[in-house]
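Residues per chain are reported as follows:
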Amino acid sequence: MNLDFSPEQVEFRERVRDWLHDNVPAEKRPPDGAEGRAFDLAWQQTLYRGGWAGINWPKEYGGQGLDTFQQLIFLMEYSRCGAPGDHYRFNGLNLAGPTIIACGDEAQKATYLPPILKGEVIWCQGFSEPGAGSDLASLKTRAVIEGDEMIVTGSKIWTSWARFADWQQLLVRTDPDAPRHQGITWVINRMDNPGMDIRPIRDMAGGTDLHEVFYDQVRIPLQNVVGGLNNGWKVSMAQLSFERGTAFMPSQIETQNTIEALIELAKTRRLEDGRYAIEDDHIAYQLATLRAEIRSLLAMTLLGISRNERLAMPGPEGSMLKLFQSELYKRITALALDILGPDRTALDELAGRWPRAFLGSFANTLGGGTSEVMRNIIGERCLGLPR
Amino acid sequence: MDLLPSQEQQQIVDAARHFLEGEFPLADALQLAEGESRITREHLTRIAELGWIGIGLEEAWGGVGYGLCEEALLFVELGRALLPPSILCSVLGARIAAAGSTRGDAAEMGRVTGTILSGHCKIAAAVPRTSTSASIGDVVSGEFMLYEAGDADFALMCNTGGAALVSLSALKSLTPVSCIDPTLSAATFAADAIEASAFIATAQDDLYHRGALLCAALLLGIAEATLQRSVDYAKEREQYGKPIGSFQAIKHYCADMAIRCESLRAMLYYASVKLAQGDDSGRFDVHTCKALAVNYAQLNANTAVQIHGGMGYTQEMDIHLFVKRAQVLAGLFGGERQHLRDLLAQPRPD
Ligand SMILES: Cc1cc2nc3c(=O)[nH]c(=O)nc-3n(C[C@H](O)[C@H](O)[C@H](O)COP(=O)(O)OP(=O)(O)OC[C@H]3O[C@@H](n4cnc5c(N)ncnc54)[C@H](O)[C@@H]3O)c2cc1C
Chain U
18 MNLDFSPEQV EFRERVRDWL HDNVPAEKRP PDGAEGRAFD LAWQQTLYRG GWAGINWPKE
78 YGGQGLDTFQ QLIFLMEYSR CGAPGDHYRF NGLNLAGPTI IACGDEAQKA TYLPPILKGE
138 VIWCQGFSEP GAGSDLASLK TRAVIEGDEM IVTGSKIWTS WARFADWQQL LVRTDPDAPR
198 HQGITWVINR MDNPGMDIRP IRDMAGGTDL HEVFYDQVRI PLQNVVGGLN NGWKVSMAQL
258 SFERGTAFMP SQIETQNTIE ALIELAKTRR LEDGRYAIED DHIAYQLATL RAEIRSLLAM
318 TLLGISRNER LAMPGPEGSM LKLFQSELYK RITALALDIL GPDRTALDEL AGRWPRAFLG
378 SFANTLGGGT SEVMRNIIGE RCLGLPR
Chain C
5 MDLLPSQEQQ QIVDAARHFL EGEFPLADAL QLAEGESRIT REHLTRIAEL GWIGIGLEEA
65 WGGVGYGLCE EALLFVELGR ALLPPSILCS VLGARIAAAG STRGDAAEMG RVTGTILSGH
125 CKIAAAVPRT STSASIGDVV SGEFMLYEAG DADFALMCNT GGAALVSLSA LKSLTPVSCI
185 DPTLSAATFA ADAIEASAFI ATAQDDLYHR GALLCAALLL GIAEATLQRS VDYAKEREQY
245 GKPIGSFQAI KHYCADMAIR CESLRAMLYY ASVKLAQGDD SGRFDVHTCK ALAVNYAQLN
305 ANTAVQIHGG MGYTQEMDIH LFVKRAQVLA GLFGGERQHL RDLLAQPRPD
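Chains as they are written, first to last, in our numbering: chain U, 18 to 404; chain C, 5 to 354.
These are computed hints drawn from the structure, not numbers from a lab. From a predicted model like this one, the values you see are computed outputs, not experimental measurements. Don't be surprised by glycine CBs; every beta carbon is placed ideally from N, CA and C. Just to be clear, a hint being listed does not mean it is correct.
[Said to hold, decoys possible] Some chain C residues well away from chain U (every beta-carbon gap over 12 Å; in silico):
1) Glu63
2) Val68
3) Gly71
4) Ser145
5) Asp157
6) Thr179
7) Ser267
8) Leu296
9) Asn299
10) Gly316
11) Arg345
12) Asp346
13) Pro353
[To be verified] Derived DEER-like restraints, expressed as beta-carbon distance ranges:
14) Glu271/U to Ala207/C: 56 to 62 Å
15) Ala111/C to Asp21/U: 37 to 43 Å
16) Ala205/C to Leu383/U: 33 to 39 Å
17) Arg361/U to Gly165/C: 39 to 45 Å
18) Glu52/U to Arg352/C: 29 to 35 Å
19) His299/U to Leu34/C: 39 to 45 Å
20) Thr44/C to Gly291/U: 34 to 40 Å
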């Protein structure tokens, strides 16, 4: 049990800190849309030029090939200094890219990986369908093989960033007669492919980053299939194992930043009765409880990383961290509105970022697997309870 | 950076669990008369022979010379086995006596340190009933709740200012209380300027935070034991033709209990390292750990009753003992509210 870093690691931390200090953009990321896309790509290009793109990706594809502890140090410094979040870069960096690294062939790796790190492309994920949400394996979007192409017809929903993306990781049913987990294929699709219709959906926080995507006889070359035909379920399950260890560091620190900001807010905001919010016992109790639980989130992240290093296999902590953190975030933003009192209804400067954060927080316990599905996974896979 | 126990630390844990399961099966606790202690004087000397009482004490003082981390790991196992809080008092009491032996009545305190470490001295926990009226120093005053006074030699009392050992013979009128935890005896007493046998100020050795951390470790033991029992029962008990663990209502209770265990264990490790290092955030992390421990151990133990159905409500199973012990430990070394107030008052931890 120790939290020590070696002199080399400490020296590495200094280098990271200095570089970030000199390079993190001062201006805020513009809201979503074309400007957001341009900002995200420009920042990725800066990271690439500075030698900090793909810190855990292999060197041969433009990554830095750093070890777990260097990743940890990098991510801690990165998140602490308020560097831009992943936003539209999320899918390429965290899901599509690592999947291609794990399951792609050499040509696919050479073609698709470098542009992600160089900040040239945005990726999206077409998994969910109107009839296939939590029960992803029931997906119906059909792909018929014709020569060296597949022809895709069907529809996807909840595709984040679809109309700002260049490429897409798409799950299609290539064998309707096989058992449902065995007839699915993971394939790379270009978002400007003819036959696609992309319609934005307005979410409850006012954003338009979610989409419905319709496919009418869309042709995709078979060489874009990753991990083999009808093997898509296994390929997409491999993604789950990327969401472990250091993957949670940024959002963990972001949650800590949020509770600290809320504590500051409570020290300066007055309640209807004239007291500062933090002087109210009920509010103070909730703030302190959240601060404690979020502190343990840091400890859980470090324990998870230690376990991965020791056991070299994914532990149960991935689903636990996801569930714990997303539920905490919802509680923080709900408490923020309580602290704001009557101002809570203002969606402008009067109440700051909090009301929108409250509305947006509902996404966290739905996207990436709902809290209920996470509890099923913990119960069945970690505790061995029957289905 | 490696937050997991080292191989040597894990050996301490494994050996402790093995010993406790063999020597103190919980089934035995169900046979005891009300207020009868789970450990006799003879048990205490056997525990002392294992080196547990001096595990974290410096060798120069007659201890084993490990640190706070090993102590915390051991206390998780003691909590799981529901061993009584007097062992925690012995561990802390040895530190008070050892420090006392370097001052005033050196010879006497040196002798006391020896008897504590060899398990020939039993120390009862005295919890201030109101922190404002209690004054703990070389002279002790205030109203206290006392656990395991029966055959104890000293009472240990502690607050943020320091920790004192008071000879039990100096306490005149104990008023017995029927304790919620049937394996512990309890009494109240009022101290009016009683001279302590030894006192150690927090500035010299921070026993308040050390005690709070070890108490959190005991509570983690409860949180984990009740999770384990619940999961086992959910796999085995059948209703509507299938194991109750296949019902989501039960499965999701278990999942939440598992997250509480993971969160608390991680926090215990983290806080142990930080406090042992004397880090700025060490105390913040202990406040965090104890506050979470009180909350999570209670939630897990209480949920375990529900998962066990009618059987959970009986004294034929041991679940009720965990529920009750969690209530006792909730008040030792600062309650949840106190620790939450303290952690909120601190600046942002690094
Ligand atoms: C902000 C956001 C972004 C997203 N981005 C993407 C994306 O980029 N690409 C993509 O493919 N998908 C994306 N999704 C979709 C997301 O993965 C699904 O919303 C999620 O899997 C849930 O599916 P559903 O919405 O159909 O809800 P349903 O599955 O219909 O669930 C409805 C309710 O039933 C519960 N439920 C369902 N099954 C069970 C069960 N077995 N046990 C207990 N309770 C159950 C759920 O927990 C939920 O409360 C996104 C979603 C959100 C909210």
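Hint-by-hint comparison with the structure:
1. Glu63: Its Cβ never comes within 12 Å of chain U, the nearest being 20 Å, so this holds.
2. Val68: Label holds. Min Cβ-Cβ 17 Å, cutoff 12 Å.
3. Gly71: violated (9 Å)
4. Ser145: It holds; Ser145/C is separated from chain U by about 29 Å at its closest Cβ, greater than 12 Å.
5. Asp157: holds (34 Å)
6. Thr179: Thr179/C clear of chain U: closest Cβ-Cβ about 32 Å, beyond 12 Å.
7. Ser267: violated (4 Å)
8. Leu296: violated (5 Å)
9. Asn299: violated (8 Å)
10. Gly316: Answer for Gly316/C: holds, closest chain U Cβ roughly 18 Å.
11. Arg345: At roughly 7 Å from the nearest Cβ of chain U, Arg345/C sits no farther out than 12 Å, so the non-interface label is violated.
12. Asp346: violated (9 Å)
13. Pro353: violated (7 Å)
14. Glu271/U to Ala207/C: 56 to 62 Å: violated (38 Å)
15. Ala111/C to Asp21/U: 37 to 43 Å: For Ala111/C and Asp21/U the Cβ distance comes to about 41 Å; the hint holds.
16. Ala205/C to Leu383/U: 33 to 39 Å: violated (53 Å)
17. Arg361/U to Gly165/C: 39 to 45 Å: Cβ of Arg361/U to Cβ of Gly165/C: about 42 Å, so the range 39 to 45 Å holds.
18. Glu52/U to Arg352/C: 29 to 35 Å: Since the Cβ atoms of Glu52/U and Arg352/C sit about 32 Å apart, the hinted range of 29 to 35 Å holds.
19. His299/U to Leu34/C: 39 to 45 Å: holds (40 Å)
20. Thr44/C to Gly291/U: 34 to 40 Å: violated (60 Å)
When held up to the earlier numbered hints, the structure conflicts with 3, 7, 8, 9, 11, 12, 13, 14, 16 and 20 and fits the remainder.
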